[in-house]
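Q: Chain by chain, the residues run as shown.
Protein chains: 2
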Amino acid sequence: MERLKYRDILYDDRQIGLWPTDKLKRVPKPTNDIVGTIERRDERESPFGKSLFGEYGEEIQREFMRMTRRYPLGASFWDMTDIVNNAILRKRNPVAPERAPIPEDPRVLSRHIKMLGHFLGADLVGIGPLSQSAVYSHNMKGRELEAPFKYAIVLLARKYEPTWNAANGWEEIVDPASFQAYQRLLMQTETMANYMRRLGFEAEASNMNRYLTLMPQVVLDAGLGEVSRMGIILNPFLGANFKAACVLTNMELEVDGYIDFGLQDYCSKCTVCAQQCPSGAIPRGPKTLYNGYYTWKLDSKTCSDFDVLNKEGCVCGRCTKVCPWHVPFAEPRDFDAWDGSNEWLHKYVDAQKARLVAENYVHPTEATDKWWFQLDEQDGKLVFYDERNEQKVCKEYPLQR
Amino acid sequence: MERLKYRDILYDDRQIGLWPTDKLKRVPKPTNDIVGTIERRDERESPFGKSLFGEYGEEIQREFMRMTRRYPLGASFWDMTDIVNNAILRKRNPVAPERAPIPEDPRVLSRHIKMLGHFLGADLVGIGPLSQSAVYSHNMKGRELEAPFKYAIVLLARKYEPTWNAANGWEEIVDPASFQAYQRLLMQTETMANYMRRLGFEAEASNMNRYLTLMPQVVLDAGLGEVSRMGIILNPFLGANFKAACVLTNMELEVDGYIDFGLQDYCSKCTVCAQQCPSGAIPRGPKTLYNGYYTWKLDSKTCSDFDVLNKEGCVCGRCTKVCPWHVPFAEPRDFDAWDGSNEWLHKYVDAQKARLVAENYVHPTEATDKWWFQLDEQDGKLVFYDERNEQKVCKEYPLQR
Chain Z
1 MERLKYRDIL
11 YDDRQIGLWP
21 TDKLKRVPKP
31 TNDIVGTIER
41 RDERESPFGK
51 SLFGEYGEEI
61 QREFMRMTRR
71 YPLGASFWDM
81 TDIVNNAILR
91 KRNPVAPERA
101 PIPEDPRVLS
111 RHIKMLGHFL
121 GADLVGIGPL
131 SQSAVYSHNM
141 KGRELEAPFK
151 YAIVLLARKY
161 EPTWNAANGW
171 EEIVDPASFQ
181 AYQRLLMQTE
191 TMANYMRRLG
201 FEAEASNMNR
211 YLTLMPQVVL
221 DAGLGEVSRM
231 GIILNPFLGA
241 NFKAACVLTN
251 MELEVDGYID
261 FGLQDYCSKC
271 TVCAQQCPSG
281 AIPRGPKTLY
291 NGYYTWKLDS
301 KTCSDFDVLN
311 KEGCVCGRCT
321 KVCPWHVPFA
331 EPRDFDAWDG
341 SNEWLHKYVD
351 AQKARLVAEN
361 YVHPTEATDK
371 WWFQLDEQDG
381 KLVFYDERNE
391 QKVCKEYPLQ
401 R
Chain U
1 MERLKYRDIL
11 YDDRQIGLWP
21 TDKLKRVPKP
31 TNDIVGTIER
41 RDERESPFGK
51 SLFGEYGEEI
61 QREFMRMTRR
71 YPLGASFWDM
81 TDIVNNAILR
91 KRNPVAPERA
101 PIPEDPRVLS
111 RHIKMLGHFL
121 GADLVGIGPL
131 SQSAVYSHNM
141 KGRELEAPFK
151 YAIVLLARKY
161 EPTWNAANGW
171 EEIVDPASFQ
181 AYQRLLMQTE
191 TMANYMRRLG
201 FEAEASNMNR
211 YLTLMPQVVL
221 DAGLGEVSRM
231 GIILNPFLGA
241 NFKAACVLTN
251 MELEVDGYID
261 FGLQDYCSKC
271 TVCAQQCPSG
281 AIPRGPKTLY
291 NGYYTWKLDS
301 KTCSDFDVLN
311 KEGCVCGRCT
321 KVCPWHVPFA
331 EPRDFDAWDG
341 SNEWLHKYVD
351 AQKARLVAEN
361 YVHPTEATDK
371 WWFQLDEQDG
381 KLVFYDERNE
391 QKVCKEYPLQ
401 R
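Taken in order, these protein sequences are the chains called Z and U.
Residue 47 in my numbering sits at position 47 of the first sequence, and the numbers go up by one each step.
Residue 300 in my numbering sits at position 300 of the second sequence, and the numbers go up by one each step.
Hints may be right or wrong, so weigh each one.
Straight-line C-alpha distance at most 30 Å; calculated BS3-like pairs for lysine-lysine [to be verified]: (1) Z:Lys-141 to U:Lys-91; (2) U:Lys-23 to Z:Lys-91; (3) Z:Lys-381 to U:Lys-150; (4) U:Lys-91 to Z:Lys-91; (5) U:Lys-141 to Z:Lys-91; (6) Z:Lys-150 to U:Lys-381.
Hints are computed from structural coordinates only; laboratory data are not their basis.
Keep in mind it's a predicted model, so treat the numbers as computed, not measured.
With the rest of the complex left out, here is chain Z (with noise of 0.2 Å):
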């Protein structure tokens, strides 16, 4: 069998992964405003650093304690997540004393990267130039955090579609949705910086339980979203339902650029997250300054509160699941029609808000695909979530809320 020319293939630069990232239109800079200094945050001023450490006070303290491990299956992917960790860190490889002999061109090796980050199983990859800014001050713990990279290579992991459509968005289930996609990207990563190493190239992951990123700021840089009216960044493609995590290198790359896909146009009209947050956390106004940019501010105490006391399931995003750029099983072909054109792509989402708000933002699916229990840990047991002060084992499953 004949062998294939390498040069062509290489700098074959069509588009990478199944959705069409090659037809978005590219910015200079972020489409919302940045107008003064963005300081470097401390994790232990996030609102779940507060609730750890007892700032809002001793039930949130004793309730964010447990907030993902009172579900079992919260539990277990805790646990996973724990476990591959800590022995990721006890064991990192080095970074090999001689470059592999690949080629130098930043255009071939982020086409290469790219690749490598689907084939890991990413659902979008980006690579975006590392702001300082981003990277957390200090961690949890409270040890001073430093990474002097210049990129990061952003991968992306859609939450399970099937059962996010089914649950109502703060079920039982929410939190471990988010974990099967920290999950993910938790090995992607470090498989990803693993390899890097091994070709002589400097690289470190920043994932779930030991971040060194505030994951906003990283998505938006590598092109991967605009800031939403929820706060956080919004894929054209994924809507916001997805977990991010990256690999920091010095690697020279090319990077991907800022998008525009008329996202702050969009959401200053529609207010569909603000009026269906059950905290009522989301703003229903403009944008305002904060930390030296514009964005619709999150009241993000109140949306941990809730986070943290929901007794009705664990954790919340039922914002992520309303909103119409969340298009229930959308799949790449869906796409196939686009010009590239904002307007094109508002039509669309248009016609799914239609949808959303015929159905009451209830998913056909939630009537038929809720397969998870609800369980609650309580002095180490496991109880019934209703009836979790009782105590007791139901011989008798009960069969409706």
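Here the structure of chain Z is known, so what remains is to put chain U in place on it, guided by the hints.
A: Just chain U now, with coordinates in the frame of chain Z:
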């Protein structure tokens, strides 16, 4: 928001997952005849075991030891699998002393576990009885194995199609493509087993680096395929382009039953895999009797030797790539029109075969999507594959093989 009734939801028995598994014809026994007693196997007696222990000579022993690790991406997957497995074994959660208050109906539990498998990321999930003949008598380390469990919950992970299609079947990326699937299965089965133990049920994962079970029989018994000419199990939707792992348990479950999609007849007439096998290890004739059952018996030493000594890449999976049941980019909705008959399926596969023959078994993306580098480790350094004896770092990557 009104709470939904759970009875109908928990008992809903429509298709689980994306593939039309509910249209498959179920039969009381495997479609390949079993005429005697199937003996348990010792993993050390497998071709890879014999390679490892030097029974096939020094060169094969030496090359086997570095088979996966001589290619840097394979080495990264190896590291991760090894690190994770060791860490999980050291920190295994116990079986909860009390059962969780969940329904005991095997039908409800089977649906729950299958939905969970898909949620965790499996491409297909099946439940079968655990035959003791499928449990290795001893593992590679010589440890005697016991698996006192009634059922095997089997998860299939499809290899990443876009890369698999772009490879000829024995290039450098072929081994990492298997490990990418193994890595997902490792996390999925360990998370599932951890969760089931939390619910109070014994559960043990059998996956990469520490398989307790010989997977072909387990996959067959879970109704996930039939014996193929390649000697391995073929699934009607994924072809043989998958890896498998399982969770063993005594939780009372419903088994799926064997399936019959006419593969014994199809493979008896089709010899594509045998003709295309680079080592000639696949028989072109009829099935023969082996260890108590009829099968197309692979010359497994010849196959294994080719894997181990392959100088044009890592390992080999040419048979699964060229098999017309491996339908490139086939998606669940391609089967929307399927009436459940073997005729429809075979016609579909025949059309695929005609396309493959017309393309001389070279997928169009082989000309554009080979993104991996040709590297090999020699004395601790990565060298360009074809020049590995010179051990020089090429400033310019040789752009043609």
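Q: Taking the hints in turn, state whether each one holds.
A: Hints versus structure:
| no. | hint | verdict |
| --- | --- | --- |
| 1 | Z:Lys-141 to U:Lys-91 | 23 Å, holds |
| 2 | U:Lys-23 to Z:Lys-91 | 47 Å, violated |
| 3 | Z:Lys-381 to U:Lys-150 | 26 Å, holds |
| 4 | U:Lys-91 to Z:Lys-91 | 16 Å, holds |
| 5 | U:Lys-141 to Z:Lys-91 | 23 Å, holds |
| 6 | Z:Lys-150 to U:Lys-381 | 26 Å, holds |
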